[in-house]
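**Q** One-letter residues, chain by chain:
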Amino acid sequence: MLENNEEVRYQVNRCSRCGSCREVCPVFLQAGSEPWVARARVQLAGAALEGQLPFSRRFGEIMDACLLCRACVAHCPNGVRVDELVLWARAEAVRRKGLSPARMVLLRGALPSRRKLALISRMAALCQRASILKNFRGMKLPAFHTLPFTHLYRPAGLKKPSFTVAYFVGCMTQYVYHQSGRAVLKVLEQNNVQVLLAGSGCCGMPALAAGDLKTARLLARRNVENFKKLGADFVVTDCATCGEMLKLYGRLLGDEEAGELAARVQDITFFLVHTGGFHEGKVRVPLVVTYHDPCHLKRGQGVYLEPRKILAGIAGLTLVEMPRSDACCGLAGSFGFTHRELSQKILRAKIENIRATGAQAVVTGCPSCRLQLASGLAGEGAALPVFHTVELLALSYGG
Amino acid sequence: MMRNSRIVSRLIKIAGKEKVFSSPEDLFCYSYDGTFLSVVPGVVVRPASTREVAAILSLASAEGVPVVPRGAGTGLSGGAVPVEGSIVLDLTAMDRILEIDTADMLAVVEPGVVTARLHRAVEEKGLFYPPDPSSSSVSTIGGNIAECAGGPRGLKYGVTRDYVLGLEVVLAGGEVVMCGGRTVKNSSGYDLTGLFVGSEGTLGVVTRAVLRLIPKPEARQTLRADFKAIEQAAEAITAVLGAGVVPSALELMDDVTIRCVENYLHTGLPLDVEAILLVEVDGPESTLAEQAGLIASLCIEHGAERVRVAQTRKEEAELWRARKAVSPAVVQVKPTKISEDATVPRSQVPALIRAIKEIARRYRLTIAIFGHAGDGNLHPNLLVDKGDPDEMARAEEAIKEIFQAALSLGGTLSGEHGVGLLKAPFMELEFGPCGMAAMKKIKESFDPFGILNPGKIFGRI
Ligand SMILES: Cc1cc2nc3c(=O)[nH]c(=O)nc-3n(C[C@H](O)[C@H](O)[C@H](O)COP(=O)(O)OP(=O)(O)OC[C@H]3O[C@@H](n4cnc5c(N)ncnc54)[C@H](O)[C@@H]3O)c2cc1C
Ligand code: SF4
Ligand code: SF4
Chain A
1 MLENNEEVRY QVNRCSRCGS CREVCPVFLQ AGSEPWVARA RVQLAGAALE
51 GQLPFSRRFG EIMDACLLCR ACVAHCPNGV RVDELVLWAR AEAVRRKGLS
101 PARMVLLRGA LPSRRKLALI SRMAALCQRA SILKNFRGMK LPAFHTLPFT
151 HLYRPAGLKK PSFTVAYFVG CMTQYVYHQS GRAVLKVLEQ NNVQVLLAGS
201 GCCGMPALAA GDLKTARLLA RRNVENFKKL GADFVVTDCA TCGEMLKLYG
251 RLLGDEEAGE LAARVQDITF FLVHTGGFHE GKVRVPLVVT YHDPCHLKRG
301 QGVYLEPRKI LAGIAGLTLV EMPRSDACCG LAGSFGFTHR ELSQKILRAK
351 IENIRATGAQ AVVTGCPSCR LQLASGLAGE GAALPVFHTV ELLALSYGG
Chain B
1 MMRNSRIVSR LIKIAGKEKV FSSPEDLFCY SYDGTFLSVV PGVVVRPAST
51 REVAAILSLA SAEGVPVVPR GAGTGLSGGA VPVEGSIVLD LTAMDRILEI
101 DTADMLAVVE PGVVTARLHR AVEEKGLFYP PDPSSSSVST IGGNIAECAG
151 GPRGLKYGVT RDYVLGLEVV LAGGEVVMCG GRTVKNSSGY DLTGLFVGSE
201 GTLGVVTRAV LRLIPKPEAR QTLRADFKAI EQAAEAITAV LGAGVVPSAL
251 ELMDDVTIRC VENYLHTGLP LDVEAILLVE VDGPESTLAE QAGLIASLCI
301 EHGAERVRVA QTRKEEAELW RARKAVSPAV VQVKPTKISE DATVPRSQVP
351 ALIRAIKEIA RRYRLTIAIF GHAGDGNLHP NLLVDKGDPD EMARAEEAIK
401 EIFQAALSLG GTLSGEHGVG LLKAPFMELE FGPCGMAAMK KIKESFDPFG
451 ILNPGKIFGR I
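Chains as they are written, first to last, in our numbering: chain A, 1 to 399; chain B, 1 to 461.
Note that these hints are calculated values from the structure, not bench results. Incorrect hints may have been included.
[To be verified] Each computed DSSO-like pair below joins lysine-lysine, with the alpha-carbon atoms no more than 30 Å apart:
| # | chain 1 | residue 1 | chain 2 | residue 2 |
| --- | --- | --- | --- | --- |
| 1 | A | 345 | B | 19 |
| 2 | A | 229 | A | 159 |
| 3 | B | 314 | A | 309 |
| 4 | B | 386 | B | 324 |
| 5 | A | 134 | A | 159 |
| 6 | B | 334 | A | 345 |
| 7 | A | 345 | B | 13 |
| 8 | B | 357 | B | 324 |
| 9 | B | 185 | B | 441 |
| 10 | B | 228 | B | 334 |
| 11 | B | 125 | B | 216 |
| 12 | B | 17 | A | 345 |
| 13 | B | 185 | B | 228 |
| 14 | B | 216 | B | 314 |
| 15 | B | 400 | B | 125 |
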């Protein structure tokens, strides 16, 4: 997070305009013209900062067409934080011009309210039972649940746990992918880790990404208070996006307490490999799989060896790497809906790479990627299932 | 913004609405290239065919509007920086590889093809397109041709010019000419192909190129030699070439560069030497060990502190990692780097390096020198802070002196980046008034109204 104009200027000045980001920016690679590449976003942010260009509608469109995937940041010879410049530009636009009415409703009305989110999910589930809302804007939607995960499942109490962790159940696990949440509970319990459910609300990423710092801070504050009450050793999550967001709380809220908490957030695979430890399962899982690196996990949190390590320990399972396993899937939160065509093109490239491996299933560590990949894989060809890494580990535990 | 919205609507008629950009934000994104210069154009168009390019140029010449061709915008001399009110011709939508002919060993491509994509496509067929600017993963063939781009392989394999067999070019008035062809030999008429190569978009717009390919070398091997004194490195280079071995790359890093890279990578580069040479040989697998051995012994004979020959792919990658890290490493020192490419005859490399070091001392600047020592093409990089006007002023003076030093050693202003806007003020130093007048005559006969990339090479009028 860039705190002030000086930090923004510093990042802009680091850009040597070398254009190397043209090689990796997924949006540019599909769109083809300069405004859609990282270099342009950096230069535009600089121009807006210095008052050479207004925070116009077109400016907003260009900034919005960024996946925040950080492929550019990882590739940039000067390490320019393009993602942070884009977030700054979006927040600055909101600060100056306010939120659009639609975003107002979504971000300020629905997002902070657990009750409303649950209601939306319930309604979606009921519609789906009546065979409506199976698709949204051409995307095949997964099945929603009528009740949230935290209403249905309770972690067991352990006698002498080695650790106590607060499990942050993100919205996607809460309302859509219960199987992933169940796997987290099972794997942690079987490894003698006491789980406490953080009666979680949204992590705030959708608000931060839309430039709505106010809502993002409100949600962050609420989650911090929540964790404080639980008093666990660590906070774990099975959502790459939530994980990255929780880790940002310190800087977002600018206080020590939040920073201290952020330092104890771990992705579930990182926790298993480095902190809690885990035993290998006894049941064979005879599957050939390929792994997709979520942007928010690999570049966002530096976690990419850990899931592979877990998969390598599962008997019967074979991991076949796809080319460019860390290329963005193209969903990037609302981008998949607001920039339908671009998002689909980026997805198609990903799906081709997946299919070329001949894998029978795809594994990943972020439910948003899962949604996008599953939708893409439901198209032509055999519909391959998509799993979270811990689900396969849980399978190998049997029962 | 375009004064004349009529021109915008005519362009839309030619190329289609989605291929013409005129909002201030879009125009801003086309205001720069790989340099620190920027000028906002009047309109941007992305033509899809030679026919569209021709129609655009005939419109532009009828209306007297300047046209600036553009590839990936990675140029380092300001060639693609627009002129005020100009039409920027973004050629990256014309990016088809039309043909790879393994019998005649050539490729036919459109100008927007990214260099590295061509490398991959021909190598899949066992062929090789040698020109390899460090920017090849993003630069376009059109931009390479227009700047006569080089790269590390220049010493053994030559530069872009040596691989262009034929061109299709649209002239200022919209006429389409074909020059050269599909033959390696061609001595009929004036060498127009050669004239367009390196003309920086000032004589015509390249819309198609026939490129010469050669068989792909079977294997390669890399070694590194460290020298206490630059002169020793230079003598070693002379000895290697004199022994009849032509390395496929011969890269040099000076002490400032070594220090920057070591601070950045921490791989244990020697800090007590003046130069590191990275040498690569390629060819049939069976000959490599002998060639590398010969180079190693010649380096030691000429005073190398130590020589390391890579035995595995991994070791090879490790040796090259230091060279590849130069760009990110030097910007850790200061945010802005000004990359020059003064080039001298090979034997003068030590003299040029000494001269640049003296200039750096006098102007209190940090200058990292690295580059293609084998062909005399050095890249002195001035490490400065754009926000420090005093330092920028000193840098400007220093650059002038570097040019003068290169010229007085029998060299040239630019080995591979072209003249563009940045070196235009120094052209007369190299060519004198008569040389400049001859070039101007050529320019005027191709572009009588001066609409093609005006100001480049000759300076702003
Ligand atoms: C990090 C980095 C490393 C580099 N390393 C090297 C190197 O090792 N060797 C080297 O030689 N250069 C190097 N360059 C410079 C640059 O990449 C080359 O000059 C390259 O050829 C420019 O290609 P481009 O597509 O970006 O052209 P642009 O920058 O877009 O344009 C360059 C010039 O070509 C003209 N032009 C473009 N397309 C056409 C066309 N179809 N017809 C007519 N004129 C046209 C433009 O008007 C302009 O004058 C480097 C640049 C960077 C940023
Ligand atoms: S963002 Fe980085 S990679 Fe892209 S142009 Fe700027 S310096 Fe180069
Ligand atoms: S974050 Fe991703 S989409 Fe955004 S500019 Fe960088 S590479 Fe492009």
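**Q** Are the hints correct? Go through all of them and say.
**A** Hints and how they fare:
1. A:345 <-> B:19: 19 Å, holds
2. A:229 <-> A:159: 21 Å, holds
3. B:314 <-> A:309: 23 Å, holds
4. B:386 <-> B:324: 24 Å, holds
5. A:134 <-> A:159: 44 Å, violated
6. B:334 <-> A:345: 39 Å, violated
7. A:345 <-> B:13: Given that 30 Å is the threshold and the Cα spacing comes to 27 Å, the pair holds.
8. B:357 <-> B:324: Between residue 357 of chain B and residue 324 of chain B the Cα gap is close to 23 Å, so the pair holds against 30 Å.
9. B:185 <-> B:441: Roughly 28 Å separates the two Cα atoms, so the pair holds.
10. B:228 <-> B:334: With a Cα-Cα distance of about 27 Å, the restraint between residue 228 of chain B and residue 334 of chain B holds, given a limit of 30 Å.
11. B:125 <-> B:216: Between residue 125 of chain B and residue 216 of chain B the Cα gap is close to 9 Å, so the pair holds against 30 Å.
12. B:17 <-> A:345: Holds: residue 17 of chain B and residue 345 of chain A sit about 21 Å apart, inside 30 Å.
13. B:185 <-> B:228: Roughly 46 Å separates the two Cα atoms, so the pair is violated.
14. B:216 <-> B:314: It holds: about 21 Å lies between the C-alpha atoms, which stays within 30 Å.
15. B:400 <-> B:125: Between residue 400 of chain B and residue 125 of chain B the Cα gap is close to 46 Å, so the pair fails against 30 Å, i.e. violated.
Going through the hint list in order, the structure does not satisfy hints 5, 6, 13 and 15.
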